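Peer 1: Given the coordinates of chain W, work out where chains U and H should sit on it, guided by the hints.
Protein chains in written order, with my numbering: chain W, 3 to 173; chain U, 1040 to 1664; chain H, 15 to 185.
The hints are simulated quantities; they were obtained by calculation from the structure and are not laboratory data.
Take the hints with a grain of salt, since some may be wrong.
Label pairs and their in silico Cβ distance ranges [to be verified]: (1) U:V1230 <-> W:E150: 53 to 63 Å; (2) H:R167 <-> U:V1230: 43 to 53 Å; (3) U:A1218 <-> W:L35: 48 to 58 Å; (4) U:Q1078 <-> W:G29: 47 to 57 Å; (5) H:R53 <-> W:E150: 50 to 60 Å; (6) W:L161 <-> H:L38: 39 to 49 Å; (7) W:G141 <-> U:E1324: 49 to 59 Å; (8) H:S61 <-> W:R156: 44 to 54 Å; (9) W:K146 <-> H:E162: 51 to 61 Å; (10) W:K146 <-> H:R167: 20 to 30 Å; (11) H:R167 <-> W:G141: 18 to 28 Å; (12) U:N1092 <-> H:R167: 25 to 35 Å; (13) H:R167 <-> U:Q1197: 51 to 61 Å; (14) H:D67 <-> W:L35: 52 to 62 Å.
Fair warning: this is a prediction, and the values are worked out from it, not measured in the lab.
Ideal Cβ positions, reconstructed from N, Cα and C, are used throughout, including at glycine.
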Amino acid sequence: MKEILVRPERCMGCRSCEIACAVEHSGTKSLFLAVAEKPAPRKRVYVEFAPEHAISVPMVCRHCEDAPCVSVCPTGALRQDEVTRIVTHNPEACIGCWTCASVCSYGMIGRNREERVAIKCDRCPDLEVPACVAACPTGALVFKEVEEFSGSKRVESALKLARGVAAGSGR
Amino acid sequence: MAKNVNERSIDTATRTMLLEADRAGIETAWDRFEKQQPQCGFGQLGVCCRNCNMGPCRIDPFGEGPERGVCGATADIIVARNLLRMIAAGAAAHSDHARDAVMTFKEMAEGKAKSYQIKDGAKLKALADEYHIPTAGRSPGEVALELANVLLSEFGKQTGPIQFTLRAPAKRLLVWEKAGIGPRGIDREIVECMHRTHIGVDNDPVHLLLHGLRTSISDGWGGSMIATDVQDVLFGTPKPIVSESNLGVLKADEVNIIVHGHEPILSEMIVAAAEDPEMINLAIEMGAKGISVAGMCCTGNEVLMRHGIPTAGNFLQQELAVITGAVEAMVVDVQCIMPALGNLAGCYHTKFISTSPKADFPGALRMEYHEEKALETAREIVRVAVENYPNRDPSRVNIPKEKSACMVGFSAEAILGALGGTPQSLIDAIISGAVKGVGAVVGCNNVKIQHDFGHVNLVRELIKNDVLVVTTGCNAIACAKAGLLKPEAAKEAGPGLRSVCEALGVPPVLHMGSCVDISRILVLAAALANHLGVDISDLPAAGAAPEWMSEKAVSIGAYVIASGVYTVLGTVPPVLGSPEVTSVLTKGVEGVVGAAFAVEPDPFKAAKLMIGKIEEKRRGLGLSA
Amino acid sequence: MVDDGDAARVSLRGFDELEIYVDLWRCIFCHACEVACERVHGSSRISVEAVKDWASVPVSCHHCEAAPCALVCPSGALTQEEAEVAFEAGKCTRCGLCIIACPFGAVDLDPAAMVQKCDLCPEREVPPCILTCPTEALVFGDRFEATEELRKRAASRIAQSYAASVGRERA
Chain W
3 MKEILVRPER CMGCRSCEIA CAVEHSGTKS LFLAVAEKPA PRKRVYVEFA PEHAISVPMV
63 CRHCEDAPCV SVCPTGALRQ DEVTRIVTHN PEACIGCWTC ASVCSYGMIG RNREERVAIK
123 CDRCPDLEVP ACVAACPTGA LVFKEVEEFS GSKRVESALK LARGVAAGSG R
Chain U
1040 MAKNVNERSI DTATRTMLLE ADRAGIETAW DRFEKQQPQC GFGQLGVCCR NCNMGPCRID
1100 PFGEGPERGV CGATADIIVA RNLLRMIAAG AAAHSDHARD AVMTFKEMAE GKAKSYQIKD
1160 GAKLKALADE YHIPTAGRSP GEVALELANV LLSEFGKQTG PIQFTLRAPA KRLLVWEKAG
1220 IGPRGIDREI VECMHRTHIG VDNDPVHLLL HGLRTSISDG WGGSMIATDV QDVLFGTPKP
1280 IVSESNLGVL KADEVNIIVH GHEPILSEMI VAAAEDPEMI NLAIEMGAKG ISVAGMCCTG
1340 NEVLMRHGIP TAGNFLQQEL AVITGAVEAM VVDVQCIMPA LGNLAGCYHT KFISTSPKAD
1400 FPGALRMEYH EEKALETARE IVRVAVENYP NRDPSRVNIP KEKSACMVGF SAEAILGALG
1460 GTPQSLIDAI ISGAVKGVGA VVGCNNVKIQ HDFGHVNLVR ELIKNDVLVV TTGCNAIACA
1520 KAGLLKPEAA KEAGPGLRSV CEALGVPPVL HMGSCVDISR ILVLAAALAN HLGVDISDLP
1580 AAGAAPEWMS EKAVSIGAYV IASGVYTVLG TVPPVLGSPE VTSVLTKGVE GVVGAAFAVE
1640 PDPFKAAKLM IGKIEEKRRG LGLSA
Chain H
15 MVDDGDAARV SLRGFDELEI YVDLWRCIFC HACEVACERV HGSSRISVEA VKDWASVPVS
75 CHHCEAAPCA LVCPSGALTQ EEAEVAFEAG KCTRCGLCII ACPFGAVDLD PAAMVQKCDL
135 CPEREVPPCI LTCPTEALVF GDRFEATEEL RKRAASRIAQ SYAASVGRER A
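Chain W extracted, bound-state conformation (with noise of 0.2 Å):
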């Protein structure tokens, strides 16, 4: 299963995910008019930017593999899909009592102002590859297995030792 991957080192606060989030959640799917629409369409990415140390880090639902959100709804308006472990929220079942938002360890549950009722990521059920990925510039987010991105990343920091050792044996 692919999920989607963050590298913070990437990230240029530009908030590109966040509008395509929203404009893939709209009724229209059009930018241009998803602005007119109303309720105003709801992103389910956050770009949280941290301070202390001037990193940005596009923020999404995870979908744990044994997700707290799903554990604690007590009407089963969170579910996981046994397959794709996608966590997936049902508004007809909700009843906004909020537990799942006190028990995401990253603030990853929403709130439908209009409706009451949580929302959340569903990874784009409509698109190949989730909105916020492809609207990410610069890489950012990328969806992949977790296996080929481990093992990219693996490469990197082989290729960084290397270049060290290599650095250090020159002089």
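Peer 2: Same frame as chain W, but now just chains U and H:
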């Protein structure tokens, strides 16, 4: 790569060259556009502000995030400020072009720029009369010098009025006076745009937009109009002439020189230098059969209108011309010249020659042009091109066969001339309903719209519905390539328009020139309105820019609506992030100047909107819709 | 005694999204909240439950936004008011449907057989359960500010780890 070229353009020559680019592994604007995807949503909505270094700030268009920038500016303020800066840039481009034309005119009058002379004495006299400059018993040079000086003073004028704005119908002048948008000077309005949009100056969206209209009027009825008229005096007022268009005009066995950009000042000289027997002999020595000059974009339109120099294509074809492998020199001046040409020319034998003192490009051969020795420089440029001919690699030459005949050169004077001196016969045709109205279709190319699709289809729909089309800029070239500028294109028109065109022997789509020549459309509209004793906003007319992209187009759109003509834009301007600005531009402004904008990317629907507006105006005049 | 913290809390009453939040990591199973609630209402409307040896969890009304108790109430005694669930004793018929409906067991019958549930102590600036909690496991605030706070904390954690590795390189 291997993109579906058919989705990129409707023009078969363009498609051929895109396939060639693909085969050669060469990147074009379309590829770069794809690499730019997705484009920034904040930018597209106009809600990003970089006007001070507390920013950049942006407003969340969906209301969850920040609603104000650091200074407190709302989306409405930011969008209005950004739009004003676009208008300022567009007006500056046209007006600075005009300044160069007047400077050349002045140096000609002073005898310094010996390469130039007065080609249209009648127009000189008409302009002198307009400025109350005595002509009786004075030499044309004397008159020209005085005229040049008063024209130059229009730029630095502080309290207005700009003389040519008085060409607008009296009712229009009253509208401007009432709204407080009569321009006071060309440079002043542009400078004031920059001042007002500086942090902490003008922060009322409507107030900002009104100044945008004022600035745009100083372009349309100021800078652009001065450029057109001075160029007419210097190079002749266009008269109907027949030529050809599209990449097929390039010659396989001749030295090909493309003049690209916007000013005719040097390109006129290049046309002359290319006809010099010495140069032609040199070309023959180099193994070519001769020298062929072709135009591109609006420099192309200028020499097309006045000399029938064939045009190789519009904005999005500039790279493709080089990719034919048959261009010895791409000679550019200012505006709409892609910096990509430098790298691209490096892949071929083409010399990319930049000539304007104010426009340099990476990878360009610099051959700066100055008025005093214009012809000399032009000869040097032609020589470089000719001497480059032996470097052409015949195996890489791929000139598409497409070229299309066109009848061009319809200046306002030429149109009135064809109508017998007064607009009466056109007005009669409009009253009878044979001609339903006039559609002004102008503007650039934009990779966001299939190349030429918006232009050609909108124009076809209009003439099919008996709307006479006047065109300039890249739209005119698109129409030329599509065969719509041939008198035989009258067959594509509705029965009423067809009979009128066939009686006059003109095409149903009249090429009025380059993008500064939209001023000619304003003059024609004023002539029609004055003849009828109405305002321009009462005329059964509508405008459109189906594939616009430049800041100049923003200024043009603004002065066209400020002149009272409803305008449909084919690409969305970066304003939708502000509900207020959007509403003012599409509705509110109509109450001020009698016209507003609409946005419609689909050319067929855009035609319906324009025809609907024309019918509404017909009813207003008591004519049958 | 009013300290600055209390002064800041006074203004909270202007919001309609107030909620009692629980930070499970901090609850020490002391039952102080129960005692405080009992002192005010006569019987406690919050109860701290120990779950095996995993955690102790204070349970009280979630003030669900589509509250099942209000939905089932036949007499209109329990009503949904914006983000709170209000109870009007005079209308209560003691039918007990609300007790069955509540997924949290947060509605109860008091000794006088009257339905009782947390009312967020509307007459007080801060509910006494919050004031008495010695570890600040109970938090009173805007539920979405709380979610945002969780998100920011998570972002900060992620940023910190990057600041330690790539972040330094970037600077």
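Peer 1: Now tell me if each hint is right for this structure.
Peer 2: Here is how each hint holds up against the structure:
no. : hint                           : verdict
1   : U:V1230 <-> W:E150: 53 to 63 Å : holds (56 Å)
2   : H:R167 <-> U:V1230: 43 to 53 Å : holds (50 Å)
3   : U:A1218 <-> W:L35: 48 to 58 Å  : violated (31 Å)
4   : U:Q1078 <-> W:G29: 47 to 57 Å  : violated (22 Å)
5   : H:R53 <-> W:E150: 50 to 60 Å   : holds (59 Å)
6   : W:L161 <-> H:L38: 39 to 49 Å   : holds (43 Å)
7   : W:G141 <-> U:E1324: 49 to 59 Å : holds (56 Å)
8   : H:S61 <-> W:R156: 44 to 54 Å   : holds (50 Å)
9   : W:K146 <-> H:E162: 51 to 61 Å  : violated (28 Å)
10  : W:K146 <-> H:R167: 20 to 30 Å  : holds (26 Å)
11  : H:R167 <-> W:G141: 18 to 28 Å  : holds (26 Å)
12  : U:N1092 <-> H:R167: 25 to 35 Å : holds (31 Å)
13  : H:R167 <-> U:Q1197: 51 to 61 Å : holds (59 Å)
14  : H:D67 <-> W:L35: 52 to 62 Å    : holds (55 Å)
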